[in-house]
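Visitor: Spelled out from the first residue to the last, the chains are:
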Amino acid sequence: MSYWSKRILTLLVLAVVAVAFTGCGGDDNDAKGDGKTLELVYKAPDDSFASWMKDVKKQFESEHEDVTVDITEIQSNEGDYPNKKILMMKSEKTAPDIVMEDSYQIKPDSAAGYLEPITDKVNAWSDWDQFFEPVKDGVTGKGGEIYGVPISTDVRGLWYNKKVFEEAGIDVPWQPATWEEVLDAAEKIKNQVEVPFWLNSGKAMGEGTTMQTFLVLLNGTDSKLYDEEKEKWIVKSDGFLKSLEFIDQIYSNDLGASLSWGITGQGGAKVSTELMPAGEVGIALDGNWVPGNWQENGNAPWPEWSESIDLAPMPTADGQDPGHTTVSGGWTLSIPAKSDNKDLAMEFIKMATSKENLRYGSQLTPRKDIAEMDEYNQLTYQDKMTSFLEFTSYRPSYDNYPAVSSNIQSAVEAVTTDNLTPEEAMKQFAKDVKRDVGEENTKTE
Amino acid sequence: MAKHKSINGNPYLRALIFGSPAIVLLLLFVMGPIIMTIYFSFTNMALTGEAANNTQFIGFDNFTRMFNDPSFKTSIINTLIFLICSAVIGQQLVGFLVAFLMKKKAKPFRSTIGLLVLAGWITPEIVVAFVWFAFLSDQGTLNTILGFAGIEPIAWLLKFPLISVIFVNIWHGAAFSMLMYQAALDDVPQEVEEAAKIDGANAWQRLWRVTLPIIKGAAVTNMVLVTLQTLGVFTLIFALTGGGPGEKSTTLPLFMYDQAFVNYQLGYGTAISLVLLLIGIALSLLYIRFLKTDD
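Line order of the protein sequences matches chains A and B.
So that you can map any letter, position 350 of the first sequence is 348 in the working numbering, and since no number is skipped, the others follow by simple counting.
Just remember that the working numbering sits 577 ahead of the position in the second sequence, which is counted from 1.
There may be inaccurate statements among the hints.
To be verified - Restraint ranges, calculated between C-beta atoms of paired labels, are given here:
id : chain 1 : residue 1 : chain 2 : residue 2 : range
1  : B       : Thr700    : A       : Gln376    : 44 to 54 Å
2  : A       : Lys34     : B       : Thr632    : 29 to 39 Å
3  : B       : Pro730    : A       : Glu370    : 27 to 37 Å
As the list claims (entries may be wrong) - Straight line, CA to CA, 25 Å or less: simulated DSS-like cross-link-like pairs of lysine-lysine:
id : chain 1 : residue 1 : chain 2 : residue 2
4  : B       : Lys682    : A       : Lys432
5  : A       : Lys88     : A       : Lys140
6  : A       : Lys268    : B       : Lys650
7  : B       : Lys793    : B       : Lys682
8  : A       : Lys429    : B       : Lys825
9  : B       : Lys682    : A       : Lys268
10 : B       : Lys650    : A       : Lys429
11 : A       : Lys119    : A       : Lys56
12 : B       : Lys650    : A       : Lys425
The hints are simulated quantities; they were obtained by calculation from the structure and are not laboratory data.
Everything numeric in this text was worked out from a predicted model, so none of it was measured.
Think of the CB as a built atom: it goes at the ideal place given N, C-alpha and C, for glycine as much as any other residue.
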């Protein structure tokens, strides 16, 4: 190697090292800390969130002249977003001032100390009364404090085919009062359709099986999954057994979907985009987003869908109070504990979630006053779905919820495929949860 | 120039001084994380939840839990099947065969075939995964071709998930073994083979008794490298099957990812990664020992 090429090589190596080290330092020139920049992060892609935030940003900046709102998108799927967001919130340097947070992350993230309690702030805010009470449970975290303002929510219910019901001689609109009546209806339409009763019941549907099926059922019994007072998971209960028995009755009486596709990850899409439009599904226990597939820009456009399909709330097991059952999730805006502009962040959140501004695509609104507006109720059955929020419940998403949830999915799938009886599946569930979360964190009813 | 003299005079000091940048970097970026992994695997560290706020030393809890966890057993078995079929048998055999058959062939032939095999290796794992996903999926190329023969489409990635990822990994990695064996075979002295031939050894005997013993060293080195590479394969399986359906293609790296980043149990995840590291070390020692005893 010649003298000069050695020199050049040395220089190159030095340059690379220098660049690497400055890179490690991170850029600190985004003017954070002087109270002038408000940083918000959200999960992208989400066009309706982006356009809503753009409008609020404009309004906020014109009212606070020295403030710039910096909206940062995190390109991510649902599974990785929490990780990326948590890593940002962990450090003073990178913590944003406002974060879009899945309500089911509120409990663990507040316990981890990532989020700022805003109970005092919302209690001093007159609009807070306008949010549905059960929706507020979804943003309640560690110590019973409020950790976020809800921006959207969802519900689950029974989507049934009116035409099929009429043919079978069942009165519509249909409103079953007990699980027995649901099973009766499914039995009556058994020979008319390919799938009399659809419900997510495979491990492949992941959280869908826990949330759309199992927790909706369990919430309709007198049992619970988590004892909030004693902070223990309830691994054996009458309601748990009853919920599994309901699923067992569906499948052992041939009222469910064929197992060859019914417990695969493609099952849900097949039902909503193929079989329901073809009139081959009698009743589907599923989320409020199902008709989204049938909109003009959806996966399976079906403009006249509401002539066939109607919605009824899932009844409680024996018709006990409050008569119906559902489960909700949804998104919120929260303030990280390491934000340096907490008061300003709250002002922004209040503005974004006001009656005038809270417009988040076709999501269900968490506000009662928006739910009463004509503009909001133009969407089919929107008023009906929103009324479910009066009796909804949120997931007990405490530490270990992911492990408990995946054991629920195993139990549901075992009953669905007839590998275990409901009693055996509950026994197995108790054993697995005790192993996964520690016996001292569990109890039986 | 006394300083100069002392550096020149003490070879150890000189080695230390010239080696220090490398040693510091290794300590910082290799030993550091390993030591931290060992420490974290004895804690209940979590990404979120109460434990994230209050990480505690929990002794061997992670390991007791691991050995009682049926999913851990499943992923160990999957990892071993994947390792043996894909690395130890598949890549070694295919790599050796291609190299052996190409030996002494015409240059254009060698370079064409070599390039084709290499193409699989230089393609990034994630691209390989997408290409093969397109090939194996329900309406993919393979099913289209089979369709011409009147065979019903088969959901390969659902029905045969582990076999599919093993096959893809062989396709992706065989070129590395091929290169290693090519170099080793080129080093086998012509005279030895000719001598064996004159002594009346047939082609099989020459391969088994002459060529293979000579290249044994290269084979073991290759085995170590391929084993370690395969043990850590994540992207390929994650993108092709996600470890599913169920846990049918969940190997240890995927199981670790699930525990650490889906269930947020970082402590448990690092404990699994430590087991993965130990398996890698154990296998490497085994191979090296095997090389030494026979020498």
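Visitor: Please go over all the hints and tell whether each is borne out by the structure.
Guide: Okay, the hints, checked on the actual structure:
1. B:Thr700 / A:Gln376: 44 to 54 Å: 51 Å, holds
2. A:Lys34 / B:Thr632: 29 to 39 Å: With a Cβ separation near 35 Å, Lys34 (chain A) and Thr632 (chain B) satisfy 29 to 39 Å, so the hint holds.
3. B:Pro730 / A:Glu370: 27 to 37 Å: 52 Å, violated
4. B:Lys682 / A:Lys432: 64 Å, violated
5. A:Lys88 / A:Lys140: Judged against 25 Å, a Cα distance of about 18 Å means the pair holds.
6. A:Lys268 / B:Lys650: 34 Å, violated
7. B:Lys793 / B:Lys682: 23 Å, holds
8. A:Lys429 / B:Lys825: Holds - the C-alpha atoms of Lys825 (chain B) and Lys429 (chain A) are around 22 Å apart, at most 25 Å.
9. B:Lys682 / A:Lys268: Roughly 54 Å between the alpha carbons, so the hint for Lys682 (chain B) and Lys268 (chain A) is violated.
10. B:Lys650 / A:Lys429: With a Cα-Cα distance of about 17 Å, the restraint between Lys650 (chain B) and Lys429 (chain A) holds, given a limit of 25 Å.
11. A:Lys119 / A:Lys56: OK: Lys119 (chain A) and Lys56 (chain A) at ~23 Å, within 25 Å.
12. B:Lys650 / A:Lys425: 21 Å, holds
When held up to the earlier numbered hints, the structure conflicts with 3, 4, 6 and 9 and fits the remainder.
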